[in-house]
Structure formats: C-alpha cells, structure tokens
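Novice: Spelled out from the first residue to the last, the chains are:
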Amino acid sequence: MTAPAHPGYLPPGAVRPPAAVPATGPVTATPAARAKPGRDRYLDFLRALALVRVVFLHMFAWTWLPIVFPSMGVMFALAGSLMARSLSRPTWSVIRGRLRRLLPPLWLLGLIAVPGMLLQGWSAHGSGHSVAGFWGRLALWVLPLMDPPYGDPLPGVHGLLDHAWGEHAAGPLWYLRAYLWFVLLSPLMLALLRRIPWLVLPAPMLFCVVMQLGYVDFRPEIYSVVDGFATYGSCWMLGMAYQEGLLSRFPRYVLPSIVPFVMAVSLWWTLNGTNDEGGPQNLEDSSLGQAVWSFGFVLLLLAASPSWDEWPPRLKRWAGWISLLNSRAVTVYLWHNLAITAAISLFGLTWYVPVLAENVPWLLDSDWVPMLLAWPLIGLCIVAFGWIEDVAAKRSPRLFPYPRAPRSARRR
Amino acid sequence: MSRSRGRRAASRPRRRAVPPLRFTLPTVLLLTLLATLLLRGLVTNEVFHDARINVSVDKDTVPPALLTGGPVIDARGPGDPKSYRAEDHTMALTFDDGPDEVWTPQILDVLAQYHAKATFFVTGSMVTRHPDLIRRILADGHEIGLHTFTHPDLTLQSDRRITWEMAQTQLALAGVAGVHSALFRPPYSSDASALDDLTWPVVKKLADRGYVTAFIDEDTDDWKRPGVDAIVAAATPKQPGSGHIVLMHDAGGDRAQTVAALKIVMPRLQSEGYRFTTVSESVGAGTSMSKVDGFQLWEGKLFLGLAHAAVFVMPALIVLLAVVGTLVFGRFALMLFLSVKHARRTRRRTFSWGPPVTEKVTVLVPAYNEQECIANTLHSLTDSEHPIEVIVIDDGSTDDTVAIVEGLALPGVRVISQPNSGKATALNTGIAHATHDLIVMMDGDTVFEPSTVRELVQPFADPRVGATAGNAKVGNRDSLIGAWQHIEYVMGFNLDRRMYDELGCMPTVPGAVGAYRRVALEQAGGMSEDTLAEDTDLTMALHVNGWKVVYTENARAWTEAPGSIGQLWSQRYRWCYGTMQAMWKHRGAVLASGPAGRFGRVGLPLVALFMVLAPLLAPLFDVFLVYGVLFVDAPKTFTAWLTVLVVQLVCAGYAFWLDKEKPWHLISLPLQQLVYRQLMYLVLLQSWITALTGGRLRWQKLKRTGEVDVPVAV
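So the sequences go chain by chain: A and B. Under the numbering used here, the first sequence has 321 at position 321, and the numbering climbs by one with no breaks. Under the numbering used here, the second sequence has 433 at position 433, and the numbering climbs by one with no breaks.
The shape of chain A in the complex, shown without the other chains (with noise of 0.2 Å):
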C-alpha cells in the first residue's frame, strides 16, 4: 500500500522531494518499527502510575479515582503490549516465561498468608467444602485459575492485622488471575488480531453487553473468571494491537476526535445507573461501564504515546522511583493491600494514647495519616520478598532496586 492513509495531505505534483533539505520531519515510525534499544519511560511513568493510584484507592476507597485514572485497564493493556512483542518467539516458551515471571512472588505471598490463615483456625469447617475439596482448593494458591480461597473472619493480630486480612491478602489476587488467563489465551488472542482486528477488538466488551443483559449466567467462581475477562480483555487486546502498530494506521486527529464523546456518553450511562444494592452506580460496580471507560481511556493513552527514550525533564526527579515501582511491580500489587491493612491497625493504637484520642481524635480518624504509614511499609515489603521477581527473572536478587545515578549526574 503506498497511497497515503490521510487522503488530501498535499495536492499532488505540487511539491518537490525535498532534494537538499535536511531532513527534520517528526520520527512517525510504529512502536513495532522504532529502534530497539532502552525502555519506553512512557510506559514506565503509566505503569507505575498506576501501581500507585492502586494504593490510593485501596486506602481512600474514592470512587471517582478509578474514573481520573483506570489503573486495571492501563496494566493490563500494558502487559499486552508485552505479550505481543514476545509472542515473536516460540509460543510455548513464552507463556512459560510469563508464567515464571507472574508466580513466584504468588507463591511467596501463599508461603506466608496461607499457613497463617491455617493458624489462626481458618479450616474445611464452614467453608462449604469437603474437607478433600478444601485442600484440593489450596492449589489455586499455586495455579490461580480461579480465586485463591481465603479465611474469613480470622482472629487476626492485635495492633498489626485485623479479622479480614485473608480476605485483604487474597483480594487483589484476581489480577494474577484474569493475567493469568489473558497469558494462557494470548496467542489465540494476536492470532485473531491479526486477521480480524475490528472484529476481536471490543469482542470481551460486547460480552459485556451480553452479561449485563442477564443472557448468561455461571457459577460464582466462574462467573468472576469471565467477567474479568470479558472487563480487561479488549484493554489486553489493545496493548497487543498498540504494539503491533495497528492504531498509528488511523491519522493521528481520528481517535483524540471520537474517543472522548463515546468514553462521555458511557460514563453517563455508567454513574445513572443503579448497582446491585440499588444504590447509585459508580465505575466499580460496572463491568460494562469499566471496560468501556478503561478501553476508551487506554487508547487514548496510546494514540498519544509519546514515546519517552528519556525521562522528560519534569518527571526526571522521579525517575528513580518510577524505576522502583516497575522493577517491583508484582511485589507492589501483591503486599500493598496487607501494608495498608498493617498501617491502620498500627495506627489504630494511638485511640490508647488518652492525649492524642481526647485532643486530636480528628487526627486519628484520618485517612492520610496511615496512608503516610503504609509507603514505609509497602518498602518493607519489597525489601523482604521483592528478590523474588529477580530470582523470577533469573537475575541476581537485589533488595531495593532504586537505580543508583551515577556520580557525574547525581551532582546536578
């Protein structure tokens, strides 16, 4: 195809090649095609945005977070685009790949929280399983083909971990899980990306069309394999189709011009409706209204990419840090939730300083405080089992991956 994707560009004939001018025109190259060498620190910055609007829900609870930034969208998205570049090498040991990559620190995580959830009398009993179907369930600990099961209430740990921290342990475990199964089916995934890109693209949220109109049903278990999937899957899908350069073939004004009046009229329609307890809907409740918000947001992200090679100058003091998060990700992710549940119950305590609980009780009603609390521990946490991911990686374990500048440029 040599005829220019936008028609009317210049009128032909009209224009000489430019014979002796330099040439200066903007790098318009696809993702695919650009220069190999160093990170996009675009999608560093992203990532590690995230990770950190993550935290900050998990604390805050504010619905409207997931609206200013969709965080599960632009992870998954940004793993797709992962995937696809990948996928180049032979299937099988690629996804064993990720698999290794993706398990370890899970295992880590079931190594500790699950014989403490034993301890603390978490047993068959009242599970609603057999006592063989409840050991038999502990192996999603190891494959989390579906949701890791989890003791609740449990005595918990006075000052430390309250009644539900099983369930703050294996509750964001639903992203290794929908990760997991976005790994297992990517390459039938690119393959129909390839071929019918149009038509795979908002498959999953079509699905979620289907689901929303009540037409199928499944069990619990599954139904939240499902609708994860059918949630993230086109965000997947549209990190895989970033990378294999399939947005740069519309002109650059297409998407920015569409994708918000759609992203509007969904969220309209998302925050008008009423969630299951008949109260008014945010995003979360919405598995039709995140996968549109998420979706529309991503591409738009990505019709943007701008390509960093190098950090811009304002985000260069935080290089460092954003560096961190991304060589600790999954570390991040998997503890964030017990440090937040471990920064409330320790602050918790300062109620039995009389002083503090009669003078500033505002004070220890806030929010932000243990927020401040959970970061140090969060960095705990990547100190104690964040060698994981580079023993994942077969690289030397390092215990605080903060990219050390060299002498030269530490002095600016």
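It is possible that part of the hints are untrue.
Unchecked claim - Label-pair distances were calculated between CB atoms; the ranges are:
1) 184/A to 31/B: 50 to 58 Å
2) 128/A to 201/B: 29 to 37 Å
3) 356/A to 567/B: 30 to 38 Å
4) 63/A to 163/B: 18 to 26 Å
5) 219/B to 218/A: 20 to 28 Å
6) 267/B to 63/A: 53 to 61 Å
Quick caveat, the hints were computed from the structure, so don't treat them as lab data. Remember, it's a predicted structure, so these values are computed and weren't measured experimentally. Think of the CB as a built atom: it goes at the ideal place given N, C-alpha and C, for glycine as much as any other residue.
With chain A's structure known, arrange chain B on it following the hints.
Specialist: Below, chain B alone, put in the same frame as chain A:
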C-alpha cells in the same frame, strides 16, 4: 540536540513575559459565572432538586415510647428521648413549605385578626426568596421552624447533605432576620407513630446537632384542596379540649381553602376556650428562636446578598446568551447566504476579471530562520506557471537559511539580507527592490501550487482592485490540532472570506498568500510596524484609500499551522491583538465618505462583532451546558447543544464541499468547537488586558518542523 536546547533556553524569558493573569482571570470569571448560576438555581429550587420519596419500613430501632408519645420529640443529649404533647386547650397551627408571597400574608392577616400565634416551617429557598415575609412573621410574634433548604426526603440523603440543608437554611434565616431556630420538621413527615427505621436515625442525627423535631397530631391534607369543610373537620380536635398540633400549608399552590377554613375554625375553637399558640409554647417550652450576631449574622447577610445578586444577574446572563446566540446564528445565516452568492457569481462560466493578466510579477519571501522550509518554498515557486521574479529577504537569520537559498542557486531568485528588524521592514525592503508592478507576498514556510501566482493576479485586470487574497491551506492536518486548524481554515476561507468579499470589506489579506498593486502599496506607505498584524493593518489602509480587495479561491497556498496549543495561543494572541490595534488605527473610517466609509460602517462593525464581541461571550454556551447537564435537565441541555453543533456541521460541510476537501476531518469538529471557544475567549481576554494595561508584545516565531514540505506519497 544542541539546537533544541538553545530553543528551550530562548523560549524561557518569553514564557515569563506573558501576563500573569493569562489563566487566572478568565478561569475565575467563568467559575464565578457558574457559581452565580448555581446559587440562583438553589434559591429557585432548581439545582439539587430531589423529588424522590422513600417508602416506610420496619420500626425495630425506634424507641417504642416515641411511637405512642406526643408529636414533639426531644432526643438531644445522652438520656432517653422524650416526647411532648400540646397542653390541653392549646392549638398549635403549623404551616409548612412557605413563605409564599400570595398566601402567607393572607394567613398572617387572619392570625392577626384573632390575635393568634402559629408556627411556620420554612424552606431555605423560600426564605431567600421572600425575606420580607420572614421579617413580618417574626414581627407578628410567630415561631419559625426549619423545613430544610430544598425540601428533599432526608432519609435518601447523605449525612453531608443533611448537614448542608440545615446549615444553609440557618444561614438564610440569619441573613434575613438575624435569628436561628432549633425547631425542625422533616419534609414528607406526619405523626410520631409513623417514625420508622429510616426516619428515626434522621431525627436522632438532627437531635445530636441540637434540633427538636416537631411532628403533628393531625394532617388537614389541605394541599389536596379537599374543600373548606374537610379542612375544618380535620383541624377540629376529636376530643374536645385536648391539645393539638395541626399541619397546614401556606405554599405550593392555591391555598384559598386553607385561609377560608382558618376563618371558620379559629373563632369556633376560641369560643370553646382554645388558645392558639406556637409549637414551643404549646408544649410548655420556651421559644426555639435565638438571636444571631457577629460573624454568623454577617455571613448570613452576605449569603442573602449574593443570592439576590445571582437572581438579579440571571436575566442579564440570559440576554447575553441570546445576544451570542443571535450573533452566532446570524453570522452563519449571513455567511451561508453570501458565500452561496459569491460562489455562484465567481464560478459562472462567463465570469472574468477582464483580459488575462500575463505580466511578470515579483514574489517577496521574507525569511527569518526558515532553514527547514525555505528550500521547498522556493522549489514550489520555480514550478510557477506565471512568469515571476523571486526576492528572498533574509531578516538577519541566525541559521542556515541564506546558505541553503544560495546553495540552491535557482534562476530568478535573489537574496537580500538585512539586519533583524521585523517582518514589516523586511517586506518594505522587498518592495523597494521589486522590479514589477504587481507584488505577491508569501511566508517563508508556505508552499505554492504551480497555478497559485497566476490565479492570484488575475483580478488585477480590474483597475479598481488593489489587493487579492489567496486560499491558505493547512498542510500538517494529520494531528488533532492540525485537523482543528484545517477545519477552521476551510471555513474561514470559504465562508468568512466570501462573505466579506460580497460585502466589499475584506479585513485581511493573509500574509501567507496575497498580491498587491505597487501603487496601492506606495499610497498606503508600505507595510507599517504600528500593529502586530501588519497584513490586517495594510488591508484596512487599502480600503480606506478606496481600493477593492477580493478573494481568489483557486490561488492555494500550503502552510504549516502551529503544532501545539501554546504556539497556537501565541499566534492567535498576535492576530487578535493586532486586529484590535488595526481597527483602532483605522477607526476614522467609520465617519469617512465613499468606499472608505462603507468599509468603516460595514466592515469594521462586522469584524468587531464577530471577532471581538462574540468570542468573548461564547463561553456562556459552555457554562450553561455544564450547569444544565449537572444540575438541571441533561437530555434537554444536550439536545440544545447538539442543535448548535449540527448547524456548525452543516456550515462546515458546505465549506468543505466548496473547497473540494474530503469530509473526514469534520469528525474533529465537536471537540474543536469546545476547545476553540475556550481558547478564543482566553486569547481575547488576554488581548483586552494587554490593550488596557498598555503591554507590548514581542515577535513570536513558530517552532518549525518542516513537516509541510514532506511529500505524502511515501
């Protein structure tokens, strides 16, 4: 690498030179406007209006004693809640939802006639609307209780909303009469036995904030207008002599029956020994009203003042919205009508300017640091179908511009270098060196088609024509901001320019593509440095001197549009402020005679209306859009907004069709409209600030990428 760093360093002082009010003032203005709308909507109970009513539920959590107790409930403090009944032979009439300008005075008259006292449960929005009635109620010795600000069912509202409803009503009450009240009645309530698991928490919540809740013994249902007799019967106690709290309404519709019933029931009960008094006195308590002073009083007065101002300002805003609506639609109508006329006239097969113009012309290319573009500009000129002489005026470039031009060694191209002194001076230098009588001016970053020069000079067959304007096209239209400007250019050149051409008052010959008669230029004194828009200034000068200025649609020139919002801003600021300067400079034309007077009395007012007034008011559209969608009626507001959009789309579509452009870029129109309105508003305000504070603007050069030169067929 080093070049981009140099550029960044050079751009830094420029950023500081921008007036500090660039964003603050316009944003504050818009937000104030929105806040005004909100306040006015609150007072008229238009925003935050919530007509939902909850159904009643179980009564498991309500203390049983309350369900069978009296209608006045005091749940304040830590002990068990207590309820009270009206003392024997007392009658506490209560009037909800008011005050109302028609019925409340009549009720007050009746009460005064029988020397009776009563209690009015008022809503904050009504208090704000009728302060005089509140003052009269208090002066007559009646009691006032709170009935929330917007009359929602509180069981459906958040804690924060409930707090706000009460605080806002107290604020209004303090502002109106300098009092607060500790008596409260929830909207949609009845007697104490109707308390349930939803309403009891509300009562408790408000008790914690110091309120006593007053329910009723008997509902007269007077709001259903059941007939005077029914109201009288309901208001009469079933057991003669027992104390009674009765619910009536003084607002929300025709209350003639209520007034009539009062006139019957009051003398009858008084003759039976009943005393008409307030709710507080009927249960043997002191007054619930307390005086407010100091900060709270002034806060209340401020709120009331602002609310009244907001109500007062609304009609003015509507008038302004109507003005801008008329301007926008009037402009579209005028443009459509005149551009159809122009297109039909100039496209007729028999149309001609006169004998073909074939004489050689001079093309002036002012260039300041145009190394990315200059080669393509000159190459495009050498393809010209019309005989030309090209003069490149290098305005002290610091890059390779001169070397590139000399390296090309194109026949018929001369370079004249001058120390950097601005575009106007460069053009004057070029005019001085030009050897021909027709002079074409273009920019160093513009690319001509082979036929452009020929098309551009044909109108000079008419000896009255002093200048011609070509059709500038955006080359870099692939990006979002490029697409927006493409739409804008196509509309501007195919609708605006045809309109001005038909009216004989084209305000600007674009600097990118225009041709002049040398005599006309010399008569006007060449290019002037008086304004930032030397092209507009010169064009107006030609009009004043009686020359015709016409549009040639086929003289196309491809130009590179600003690639970022910041650059677009700078460019538009220069145009806008320059146009204002030029209009001021040539203001004398308004009173002139002949063609100059025609320009002064038709052209200048049109430019003032469409370029200075309309954009300044246009954000009203969006303020009303936000207000309407969020607070009033989203579907209706969207429909209105979409209608405007469709009209714009039709106009744009026609312009694209006239220019034989493919319509794809029109999908950017909705977003373009939103962004451009705000941008033009900001730019205009900034121009006004500059004009009023006498600030100066320095030359701002676009950052060039040379993108337009890259041919498409890759």
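Novice: Against this structure, judge whether each hint is valid.
Specialist: Evaluation of the provided hints:
1. 184/A to 31/B: 50 to 58 Å: holds (51 Å)
2. 128/A to 201/B: 29 to 37 Å: At 35 Å between Cβs, range holds.
3. 356/A to 567/B: 30 to 38 Å: Taking Cβ atoms as reference, residue 356/A and residue 567/B lie about 55 Å apart, which means the hint is violated.
4. 63/A to 163/B: 18 to 26 Å: holds (20 Å)
5. 219/B to 218/A: 20 to 28 Å: For residue 219/B and residue 218/A the Cβ distance comes to about 51 Å; the hint is violated.
6. 267/B to 63/A: 53 to 61 Å: Holds, at about 59 Å.
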